[in-house]
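Protein chains: 6
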Amino acid sequence: MSRGLFIGRFQPFHKGHLEALKWILGREDEVIVAVGSAQFSHSLKNPFTAGERIEMIWLVVKELNLEGRVIITCVPDTNSMHNLWVPLLKAWLPRFDRAYTNDPLSRRLLVEGGVEVHSIPFFNRETYSATHVRELMIKGEKWEHLVPSVVAEYIKKIGGDKRLREIYSTRQ
Amino acid sequence: MSRGLFIGRFQPFHKGHLEALKWILGREDEVIVAVGSAQFSHSLKNPFTAGERIEMIWLVVKELNLEGRVIITCVPDTNSMHNLWVPLLKAWLPRFDRAYTNDPLSRRLLVEGGVEVHSIPFFNRETYSATHVRELMIKGEKWEHLVPSVVAEYIKKIGGDKRLREIYSTRQ
Amino acid sequence: MSRGLFIGRFQPFHKGHLEALKWILGREDEVIVAVGSAQFSHSLKNPFTAGERIEMIWLVVKELNLEGRVIITCVPDTNSMHNLWVPLLKAWLPRFDRAYTNDPLSRRLLVEGGVEVHSIPFFNRETYSATHVRELMIKGEKWEHLVPSVVAEYIKKIGGDKRLREIYSTRQ
Amino acid sequence: MSRGLFIGRFQPFHKGHLEALKWILGREDEVIVAVGSAQFSHSLKNPFTAGERIEMIWLVVKELNLEGRVIITCVPDTNSMHNLWVPLLKAWLPRFDRAYTNDPLSRRLLVEGGVEVHSIPFFNRETYSATHVRELMIKGEKWEHLVPSVVAEYIKKIGGDKRLREIYSTRQ
Amino acid sequence: MSRGLFIGRFQPFHKGHLEALKWILGREDEVIVAVGSAQFSHSLKNPFTAGERIEMIWLVVKELNLEGRVIITCVPDTNSMHNLWVPLLKAWLPRFDRAYTNDPLSRRLLVEGGVEVHSIPFFNRETYSATHVRELMIKGEKWEHLVPSVVAEYIKKIGGDKRLREIYSTRQ
Amino acid sequence: MSRGLFIGRFQPFHKGHLEALKWILGREDEVIVAVGSAQFSHSLKNPFTAGERIEMIWLVVKELNLEGRVIITCVPDTNSMHNLWVPLLKAWLPRFDRAYTNDPLSRRLLVEGGVEVHSIPFFNRETYSATHVRELMIKGEKWEHLVPSVVAEYIKKIGGDKRLREIYSTRQ
Numbered sequence: 001m002s003r004g005l006f007i008g009r010f011q012p013f014h015k016g017h018l019e020a021l022k023w024i025l026g027r028e029d030e031v032i033v034a035v036g037s038a039q040f041s042h043s044l045k046n047p048f049t050a051g052e053r054i055e056m057i058w059l060v061v062k063e064l065n066l067e068g069r070v071i072i073t074c075v076p077d078t079n080s081m082h083n084l085w086v087p088l089l090k091a092w093l094p095r096f097d098r099a100y101t102n103d104p105l106s107r108r109l110l111v112e113g114g115v116e117v118h119s120i121p122f123f124n125r126e127t128y129s130a131t132h133v134r135e136l137m138i139k140g141e142k143w144e145h146l147v148p149s150v151v152a153e154y155i156k157k158i159g160g161d162k163r164l165r166e167i168y169s170t171r172q
Numbered sequence: 001m002s003r004g005l006f007i008g009r010f011q012p013f014h015k016g017h018l019e020a021l022k023w024i025l026g027r028e029d030e031v032i033v034a035v036g037s038a039q040f041s042h043s044l045k046n047p048f049t050a051g052e053r054i055e056m057i058w059l060v061v062k063e064l065n066l067e068g069r070v071i072i073t074c075v076p077d078t079n080s081m082h083n084l085w086v087p088l089l090k091a092w093l094p095r096f097d098r099a100y101t102n103d104p105l106s107r108r109l110l111v112e113g114g115v116e117v118h119s120i121p122f123f124n125r126e127t128y129s130a131t132h133v134r135e136l137m138i139k140g141e142k143w144e145h146l147v148p149s150v151v152a153e154y155i156k157k158i159g160g161d162k163r164l165r166e167i168y169s170t171r172q
Numbered sequence: 001m002s003r004g005l006f007i008g009r010f011q012p013f014h015k016g017h018l019e020a021l022k023w024i025l026g027r028e029d030e031v032i033v034a035v036g037s038a039q040f041s042h043s044l045k046n047p048f049t050a051g052e053r054i055e056m057i058w059l060v061v062k063e064l065n066l067e068g069r070v071i072i073t074c075v076p077d078t079n080s081m082h083n084l085w086v087p088l089l090k091a092w093l094p095r096f097d098r099a100y101t102n103d104p105l106s107r108r109l110l111v112e113g114g115v116e117v118h119s120i121p122f123f124n125r126e127t128y129s130a131t132h133v134r135e136l137m138i139k140g141e142k143w144e145h146l147v148p149s150v151v152a153e154y155i156k157k158i159g160g161d162k163r164l165r166e167i168y169s170t171r172q
Numbered sequence: 001m002s003r004g005l006f007i008g009r010f011q012p013f014h015k016g017h018l019e020a021l022k023w024i025l026g027r028e029d030e031v032i033v034a035v036g037s038a039q040f041s042h043s044l045k046n047p048f049t050a051g052e053r054i055e056m057i058w059l060v061v062k063e064l065n066l067e068g069r070v071i072i073t074c075v076p077d078t079n080s081m082h083n084l085w086v087p088l089l090k091a092w093l094p095r096f097d098r099a100y101t102n103d104p105l106s107r108r109l110l111v112e113g114g115v116e117v118h119s120i121p122f123f124n125r126e127t128y129s130a131t132h133v134r135e136l137m138i139k140g141e142k143w144e145h146l147v148p149s150v151v152a153e154y155i156k157k158i159g160g161d162k163r164l165r166e167i168y169s170t171r172q
Numbered sequence: 001m002s003r004g005l006f007i008g009r010f011q012p013f014h015k016g017h018l019e020a021l022k023w024i025l026g027r028e029d030e031v032i033v034a035v036g037s038a039q040f041s042h043s044l045k046n047p048f049t050a051g052e053r054i055e056m057i058w059l060v061v062k063e064l065n066l067e068g069r070v071i072i073t074c075v076p077d078t079n080s081m082h083n084l085w086v087p088l089l090k091a092w093l094p095r096f097d098r099a100y101t102n103d104p105l106s107r108r109l110l111v112e113g114g115v116e117v118h119s120i121p122f123f124n125r126e127t128y129s130a131t132h133v134r135e136l137m138i139k140g141e142k143w144e145h146l147v148p149s150v151v152a153e154y155i156k157k158i159g160g161d162k163r164l165r166e167i168y169s170t171r172q
Numbered sequence: 001m002s003r004g005l006f007i008g009r010f011q012p013f014h015k016g017h018l019e020a021l022k023w024i025l026g027r028e029d030e031v032i033v034a035v036g037s038a039q040f041s042h043s044l045k046n047p048f049t050a051g052e053r054i055e056m057i058w059l060v061v062k063e064l065n066l067e068g069r070v071i072i073t074c075v076p077d078t079n080s081m082h083n084l085w086v087p088l089l090k091a092w093l094p095r096f097d098r099a100y101t102n103d104p105l106s107r108r109l110l111v112e113g114g115v116e117v118h119s120i121p122f123f124n125r126e127t128y129s130a131t132h133v134r135e136l137m138i139k140g141e142k143w144e145h146l147v148p149s150v151v152a153e154y155i156k157k158i159g160g161d162k163r164l165r166e167i168y169s170t171r172q
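Residue numbers (my numbering), protein chains in the order written: chain A, 1 to 172; chain B, 1 to 172; chain C, 1 to 172; chain D, 1 to 172; chain E, 1 to 172; chain F, 1 to 172.
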């Protein structure tokens, strides 16, 4: 049984992530969706807690009846000690055969750590980007159509877009 | 939809844990199984990595077709800063309505943190204890019957009992 | 007996902080002045140690005979793990009934943590700002009139403004 | 104006600590009472949070009208990096001229760090010992007479002795 | 026997560093070359691991037959807790009589920590700068002439310049 | 050119360590002597700082004219996150071909991390043991003959045995 790793911060989990997940599921029996930078939240770059991000992905996975093929878990970042990132992944995550990422640094670290890495085709990269979604939330513009509808509903229920605007308005 | 939290170190996940999980599933729609002390491994008390423990639980959950009702994830311990443990749980885990534990300190910390706590009936506590399983592994005695058979197979495949004996033989 | 929390970095403690403290003391029996980001010093944003900042506030409190109503202590920051900040405050500080802050993120985190939050009227915000005081120190312009005179004396005695210029001149 | 440092964990602050504080106040104009190991709580050795310990000392100081001569603050421990302990004290605490301690390791570290160290006469050491007080709490015996009455009242109000028994009953 | 401290990040060790080392060796019997920020690597500012940087310096030292006069070791940075940096140096490094640096903040911290500090004459500062070398690597221009030839060879062998370009191409 | 890794805490570096070092040098062109648990000192198990331990080894290496074949450096421990220990070694140390150790846990971790591991013949293990040397220091008995004479001299110069007795006399 083959297993792929899909790692990201998922701030938030958007339709591009969903397309990528489906694409990987077309190639692997099972996928680990690993929520990275798990210790952070309430910042511009990481507004949502690890728990909230797991919740988003769980909602999507349940809606698509993929619970038997997707393992959702999380992993902290290594505070810029990049040489420990792949060892951390190996210790915190169940066994995986391959990793899927388009990020050059992640790719390099994974390859240096002996992991086979595959790229993911982009699905409308400019539109389906977490940075873009967060910018729309900050500006108070429409963002809901860029994330799966169960995720949009959840973010609104927890006041996630309002939280981001409050974070943005904070003097740094 | 109700959701319960079942937190433990699961070193390893044994039949007592399985009975507890089933018992909680009789009371809740969904259960979060949170693997605690996620950063530790290769010690007498914590021989298995977080990833290995998630793997054990995933194997059991799949065998019982419970994937749609069980969220398996992990959480680090707070290096003795006990007053941060419940806040950490709240940030790292999806929403939960109740926690299930028999540990007095965990119970107190959860109650102080505003969480409703329930006890779990013990299932043959002396026999089904992770400490007991690890002792049997160290002595080279039979331990396999105390854990679900998919877990026993997995531990043997990764050489988990041998690892524990090597850790034990290390001068401290 | 009511008690308010006044939290800040106090880099340095200026006349705006003093006005705020007096204003809170008009509403509460006692005030905890909590020096935040206690672990940092010798940087552009945090030039003074926690001990130096406590000293500044102690000098002011003694001059005004407020020792019986003001508890001065300190608390580290959580290295961007914002979800642990309020739990940390609750563990490191004596009991408080309300917090006073104008910072949107602090307000949000405190409210999420179940703390009642009040705003503080600004006292000449552009002039009485710690950032502004530090900029004047760096430029070698007059800053002394913006902080209580006992604080100005203390900073000059420890060579605080010279320290800031040296930090500034460091290539980053 | 002379200032002495009185550092301890104060788990809890007992009558021996109070006698020591009074004795130091007979030799110094001001005393910094520094609550050490500030990050820990809810353990057998460190049952009370830093905030609770500051509260205990504040209650005592106010009752004796010593607010103008005693600075109460806290400092974390250095996770066994003993060579950083005195530098941490110097950074987190206001200026002090001398330290008072009977602990041989603390004395050595302070002396190595260039601090003048004085011993404190013991006041009935076996009776007035924090370890002894905690043992009595665990056994459910009388401990109240060993701490200042305002401290006894406070500990009972927050259920501190019950907390310690629950910690004790936890399987480790 | 006199001993000087030469501390830097050495990302990478270039000809300016080499000239400085020789200059210090003209004044001291022995020199400690301390590789700072040891925990970081694979970033724009810190592309090389501590081990790789020790290797570079070792290659240079061996080529010049300076092994008997140069101690190469490393030290982590203190995560912005600048007040602990000099204490950390004192604990992690063998005894030294003087430090050599041109960095104003390092100088100040060392002086505050009681260390005698000397400046180093600059050797063609704009050309022999680690930042400049890294920029040339990123642009794919010639950088090899700016570092000792054994270092250039080593960096090419481990693919160091390619690594830096991959780090640069990563979206942040 | 072959290179071996000799890792230990060297608390202190004794004649058994020296014999091991010579034995490894008989098999390798160069040896990295890596001082482990670098961040700790002033405890019963780790009385000496990393800098002091590097100094001891440097003294021995110079006396034997081995400076051209021995790289002395240090590495922190991972606070019980054993799964990160070998990755840390790989990042903090120059390239090595083989590791030499008799410790079962170290061996296992190294082997899991893809490192070739060799055992070292013991040289009078009961006598030449760092634990034994520290016990003799604590009891005030003769220990000097168990360490190289330059190390004995150095320890006496810095008062290392007295320090250990003071640490021992500290109530824990």
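Think of the hints as simulated: they come from the structure by calculation, not from any bench.
Please note that a few of the clues may not be correct.
Which copy? The list can't say, so a pair holds if one copy fits it or any two copies do.
Calculated pairs, PhoX-like style, for lysine-lysine (alpha carbon to alpha carbon, straight line, at most 25 Å) [stated by the list, open to error]:
1. LYS157 - LYS142
2. LYS157 - LYS90
3. LYS162 - LYS22
4. LYS142 - LYS90
5. LYS22 - LYS139
6. LYS139 - LYS90
7. LYS62 - LYS157
8. LYS62 - LYS22
Verification of the supplied hints:
Only within a single protomer do LYS157 and LYS142 lie at most 25 Å apart by alpha-carbon distance; the minimum there is 16 Å, versus 51 Å between protomers. Only between protomers do LYS157 and LYS90 lie at most 25 Å apart by alpha-carbon distance; the minimum there is 17 Å, versus 34 Å within a single protomer. In the homo-oligomer, the alpha carbons of LYS162 and LYS22 never lie at most 25 Å apart, since the shortest distance is 30 Å inside one protomer and 32 Å across protomers. In the homo-oligomer, the alpha carbons of LYS142 and LYS90 never lie at most 25 Å apart, since the shortest distance is 38 Å inside one protomer and 29 Å across protomers.
In this homomeric assembly, LYS22 and LYS139 never come within 25 Å of each other (Cα to Cα): the closest approach is 30 Å inside a single copy and 37 Å across copies. Taking the closest pair of Cα atoms, LYS139 and LYS90 never come within 25 Å of each other, the shortest separation being 39 Å inside a single copy and 29 Å across copies. In this homomeric assembly, LYS62 and LYS157 come within 25 Å of each other (Cα to Cα) only inside a single copy, at 18 Å, whereas the closest approach across copies is 31 Å. For the identical chains of this complex, LYS62 and LYS22 are neighbours both inside a copy (14 Å) and across copies (20 Å), given an alpha-carbon limit of 25 Å.
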